[in-house]
Amino acid sequence: QSASPEDGLEQPAATLIADSVALDGNNVVRARGNVEVFYEDAQLKASGITYDATTEKLTIEGPITVYYGDTATLLASAAEMDAELRNGLLKSARLVLDQQLQLAAAEVRRIDGRYTRLGNTVASSCKVCAADPVPLWQIRAREVIHDELERQLYFTDARLEVAGVPIAYLPRLRLPDPTLERANGFLIPTIRSDSIVGQGIELPYFLAIGEDKDLTISPLITTNTRTLQFRYRQALNAGDIEVNGAITRDDIRPGDWRGYLFADGSIGLRNDFVFNFDIEITSDKAYLLEYDYSDTDRLESTVELARTRRDTYFSTNYTHYRSLRDSEQNDEIPTEVVELTYERRFTPSLFGGTLTTAFDGQGFMRTSDTDGPTGRDMARASLQMDWQRTWDLNNGMLVKAIGAANADYYLVNQDSSYDEAQLHLTPTAGVELRWPFMKSESSGVVHSLEPVAQLLWTDTSAADVPNEVSTRVEFDEGNLFSLSRFPGFDRYERGFRANIGANWTRYDPDGWTLGVTVGKIFRDTDVNGFSTGSGLSGTESDWLAAASVTFPNNLSLINRALFNSAFEFTKNETRVSWVNDDVLLSSSYVWMVEDASQSRFDDTSEWTMDAEYRFARNWIGKVDWRYDFVEGSAARAGVGLEYVNECISVDLSLSRRFTSSSNVDPSTSVGLQVTLLGFGENNRRQSVRECY
Amino acid sequence: CGFEPAYGPGGSAANLRGSILVDDPTERFSFELVKQLETRLGQPVNPRYGLSIDLRLRDDDLAITQEQEILRYNVIGEADFAIRDLASGEELFRGKASSFTAYAATGTTVSTREAQKDAYDRLMVILADQITSRLIASSGSWLT
Amino acid sequence: QGTQIGFGGFQGDPSKPVDVTADQLEVDQADGAAIFSGNVLVTQGEMTLSADTLRVEYAEAGSDAAGGISRLIATGNVVLVNGPDAAEAAEAVYTIATGIVEMQGNVLLTQGPNVISSERMTANLETGTARLDGRVRTTLKSSQSE
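Residue numbers (my numbering), protein chains in the order written: chain A, 1 to 692; chain B, 693 to 836; chain C, 837 to 982.
Treat the hints as calculated values from the structure; they're not laboratory data.
You can trust all of the hints, since none of them are fake.
In silico DSS-like links for lysine-lysine, alpha-carbon gap of 25 Å or less:
id, chain 1, residue 1, chain 2, residue 2
1, B, Lys788, A, Lys439
2, B, Lys809, A, Lys520
3, A, Lys91, A, Lys127
4, A, Lys45, A, Lys57
5, A, Lys91, A, Lys57
6, A, Lys400, A, Lys520
So, partial list: chain A residues that the calculated Cβ filter (under 8 Å) puts toward chain B:
id, residue
7, Tyr321
8, Thr347
9, Trp435
10, Val469
11, Glu474
12, Glu573
13, Gln598
14, Ala635
Built from N, CA and C at the ideal position, the CB exists for glycine as well.
When you get a sec, could you build the whole thing from the sequences and use the hints?
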């Protein structure tokens, strides 16, 4: 608390202001009427103050209010303090911290401008009104010391009372004051009951290690398990690291050590290089699901070195996969993958436009050595040249010439039905016409309409290589005008084709927007072998129709459909999301026709819903489910209820997972968490304190 | 019917192309988004406007079988964008684009890996198209 | 009063003779008061009072202190000095009989290191007490702050 500049070097003196001041000659000043005393960030208001200059004591008559900075307020009926308001004794006082937590006491002593000691005090952040004088909860203590510097509250002989009924007694208790963001100590415990993991309690302990690191250790002790969960976080000046994990001994697999480790981070290096890593390890296939740490069915551990600039992108990475699926044997699927990518974009001086050159090398390996698809390993090196140049015609039409060539060198190992090495060149040429239109109406509505037509040709001769990476094709507005809809480099879209489409968007001055995109593809021959379920098969693709409507209150609905001229649907996907103060809704529906070649052996029809709704001032209902219409059953369903008022938050959740595999049975779990608000900074204070 | 070519003579977006410099990308997805935006808005030629984009991506698992196998993922993208005058730095227009794409996870690990990469790239194309048509439609209010 | 750091009040001795010097003197025919102007300086014992103009009113004939000064009314840059204490104001009225000095208009009382400002001040030179009113403002110097 350094001296403020205008007071010069001399330590600042407390300033007193009043309506009238009487000097009676023996060094006593008697101030009356709207008396205020200021000293650094402390400010005192009272009805009367007598200052004795020889003893340097202020005798203050109430009602007294003392503000310390903007977080602590002391109210008292009478007090005696030093001139700098650093030390003093206040009678029938109340300490209010951050306008939330109130501590009332018959006597309050202020020590060294830092500590406030309250004798026989009652602490609570609940509203206390004439109508219902007993607060929802309060902590009664023989003594409480508030350390303003450390922002901690130390209770002695503390008794927690809920609705007046004592339910817990602690000889010593330390709690953070409402302004404290980060301090070592226990966090809020959660009571959990799960049909697999058992009934018990989870008690996290937070350890701040310096400004940039913290460790949270949270033991989970239940009837079936002794688990130590931990989370380590570290902020670097260019990047961050987070490690989550757990170590378990339980009755589900007695005698085994079980656990998991998820570590991910990104570290900035010199001249724009970034090292990224994401490690996912678990002890056995069922652990993550049984303990509800993650739903993932494949573990992907990656280390990558990457650099991103405006016109160049570089990445080299190694990935190890481990499948947790019953249907997959880890030695028969590619589990080791290495890749190197370098892409550069520039304007060639010779013939203008934009030339994108990219090198992509990838290799993957199956540990099994059986000949054929279950033991096959592959490596590939590809060089891609993609040149495009647009001419802006003066009628507003954009004509773009497209020329591309891909050279792919494939190596196939442990699959005698394919040549071991192959080099293949795939040229593509084409032209694209875009003609964006606009219409603004006097009402402020603006329309944009953009028809697009693209004519493309690609050489029809294809490399005879196994299709490992280009097997799953999607058709949406994102690849309506792309040169090849096959992902990866094992297959290219070939032959003559015309991609036709248009987008119409209506922008309303009230802030809502409606957008519609339609598209269709015509081919001369059907050489690509697209699956029926992709909507791209045959010489005429399905109609693509995508509509999206968004509203200013954050409600947005997007629907994308593929259907043929007879309106028989191949695919329909819908997503709704709505976020505002009272609603958090995200729901999706997917319907896909049966397509054996894509391992979809019957139609898919699934609806997921994840919603939180504040249906009353202090009550929030939560519901989430995942319903499979074809199976006629839910994969997962959960319901939650949360009560939050100005001083307490109760969070009750019940969820059921119906899925089961050879390793994991269905499970039901219930969680309860009670948080006393007013301790620690980031509590969710929902409602303001009012008396009716 | 009131529609006239946006880039045509007298069209409010007549000199939009080549006038916008998109902020530098920071990782693969924003690199793809900047590439698509430059394709649609034209390579910047002494640009007068800057375009900054706050890109938020997440994926959502879908179609989970009874055996707890995840067959499909949605990639959800939201992009808050703002056009500013490069000289004065003053913000001229602000908007939001959002959409989703999907990819199947029924193939092998490497097939799912490429399908995921393709889904992210397609989402960048959709977001770039939405941003571009919003810039064209609003050009009357900020493009000089 | 020594070097006490506290507030000493305002001790004076109203029984001492009053001596006035000034550049000009006029007499107000109407009530016989004397009006001094230009570098007016009044001294009474240790106490001095300076001001731009001073109006001296004499006790009416027939009262017991007839012929003596009854009131001094000083206006304009009034400065009252008494040992280590000083008080400034726009206007001051000193009633000799009661020893009461009433000052008003940006009153500034300085007693050693202590400074008190207010709109009005009433000081009783006999009892050494003073009372300030109207937006009083002062600093509470404490020994640590010396």
